[in-house]
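Chemist: The lines below spell out each chain.
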Amino acid sequence: MTDSALVPAPSQTSGPFLSIGLLRDHVGPSVVSEDDPRAIRIRGRLLDGNGDPVPDGLIEIWQANAAGRYAHEDDLRTDIPLEDGFRGFGRSGTVDDGWFEFVTVKPGRVPAPDGEPQAPHLVVLVFARGLLKQLVTRLYFPDESDANAADPILSELDETERATLIARAEDGGLRFDIRLQGDGETTFFAV
Amino acid sequence: MGLRHSSLARVRDEDVLGVDPPYDHPDYVGTRLRHPKQPLVLLPHTLSERTAPVYGDLAFDELDNDLTRQHAGQPLGERISVSGRLLGSDGRPIPGQLVEIWQANAAGRYRHAVDTHPAPLDPNFTGAGRCLTDENGEYRFVTVKPGAYPWKNHENAWRPAHIHFSVFGRAIPDRLVTQMYFPDDPLFPFDPIFNSIRDEKARDRLISSFELDLTQPEWSLGFRFDIVLGGRGATPLEEPHDD
Chain A
1 MTDSALVPAP SQTSGPFLSI GLLRDHVGPS VVSEDDPRAI RIRGRLLDGN
51 GDPVPDGLIE IWQANAAGRY AHEDDLRTDI PLEDGFRGFG RSGTVDDGWF
101 EFVTVKPGRV PAPDGEPQAP HLVVLVFARG LLKQLVTRLY FPDESDANAA
151 DPILSELDET ERATLIARAE DGGLRFDIRL QGDGETTFFA V
Chain B
1 MGLRHSSLAR VRDEDVLGVD PPYDHPDYVG TRLRHPKQPL VLLPHTLSER
51 TAPVYGDLAF DELDNDLTRQ HAGQPLGERI SVSGRLLGSD GRPIPGQLVE
101 IWQANAAGRY RHAVDTHPAP LDPNFTGAGR CLTDENGEYR FVTVKPGAYP
151 WKNHENAWRP AHIHFSVFGR AIPDRLVTQM YFPDDPLFPF DPIFNSIRDE
201 KARDRLISSF ELDLTQPEWS LGFRFDIVLG GRGATPLEEP HDD
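Residue numbers (our numbering), protein chains in the order written: chain A, 1 to 191; chain B, 1 to 243.
If you are wondering where the hints come from, they were derived from the structure by calculation, not from laboratory data.
Note that the coordinates shown come from a computational prediction; the quantities given were computed from them, not determined experimentally.
For each residue, glycine too, the CB sits at the ideal point set by N, CA and C.
Incorrect hints may appear among the rest.
Which bits of chain A does chain B cover? Going by a derived footprint, with three or more residues having C-beta under 8 Å, they are [unchecked claim]:
{"id": "1", "stretch": "61–70"}
{"id": "2", "stretch": "83–89"}
{"id": "3", "stretch": "117–125"}
Model the full assembly from the supplied sequences, consistent with the hints where possible.
Modeler: In structure tokens:
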């Protein structure tokens, strides 16, 4: 930070009109095709401190493929195959009364810094009017109780914190609500 | 929260801001019910955080970064060129990065159902652009200068003219959605969103500079807006400690 030209750019809110720029044809809510036999549907609601839906938000998910490899050059584990066309990123607006929805696959396990495997998880980013920078959380899977119990991050949270990060089975898919504030507030991370 | 024996530190947003604004900024009324009240959990950076979406293979056409040529006619307003470099915190350019922008038209109106500002829509302006940075980390857009607009945050509240920017960077902590402002805007002192950034030098990073060299003779005024990533304040602890 000694060179003032290298002062990083701070964040500003996405505002209420983010769909104009961010919800276009190049990035959508389907990380894989709905026809993919492995596809799972994840639905949830974005809620504010009064429990009211947030209709002008954006949810992003980032994940490894089913084998546990990120489609990124810094994932050096070349023994794990990449998948053609799998980018691992999805976006959903919340315009439908706070509801968002993704179609994706459960990612494989990726290591923590000490090499210990983490439980399968998605990185989840939240943008909205009223958020001056994104919120960062994670989604874990309810059918991975052994991996979740051993997960180096999840296992370090207390029960109320942990509960907000594990999706639940619902209608053949998964349900994952995000509460920005108040009762049942989602556990958010500083990165 | 009771007694805890956790190796993951809990931090207050206030203590890990870096250059960013806080979640809780009451002057911006929209934050009041949307900021978390619990401390944040300091996340060790795993591969999940050391990576980020890659879109360098996308093929956009020349209309994607020229917002003045996306319709049958020319939009009204002051035509401008906006370009700059995307740099990592190490100062190295980041090539092949998706840059997405959106903005109001010259009258200060967004093409969006929720925008009720009684200023005219422009049939020749959508207000969305996208491109990839080139091998030098440079992006370039042609658009019209957006108008200021009122926004009901407080009595007689007006947003300074701005263009929304979104970039990913090389890793999840780099992910940046921000706003580019224009030099010498008289609305700066009154805008709670701009002033949510506490450090003046950091605020100034969001103000583009007019550059004659980027100005196309007989066509558009040029503005430069370089974006340096890596402004998040949180750094994972080497030696986690119990609280």
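Chemist: Now tell me, hint by hint, if it's right for this structure.
Modeler: Hint-by-hint comparison with the structure:
Note: the stretch 61–70 of chain A has 4 residues with beta-carbon separation from chain B under 8 Å; the three-residue rule is met and the coverage holds. Counting residues of the stretch 83–89 of chain A whose CB lies closer than 8 Å to any CB of chain B gives 3, so the stated coverage by that chain holds, three being the minimum. For the stretch 117–125 of chain A, the assignment as covered by chain B holds, since 4 residues bring a beta-carbon within under 8 Å of that chain's beta-carbons and 3 suffice.
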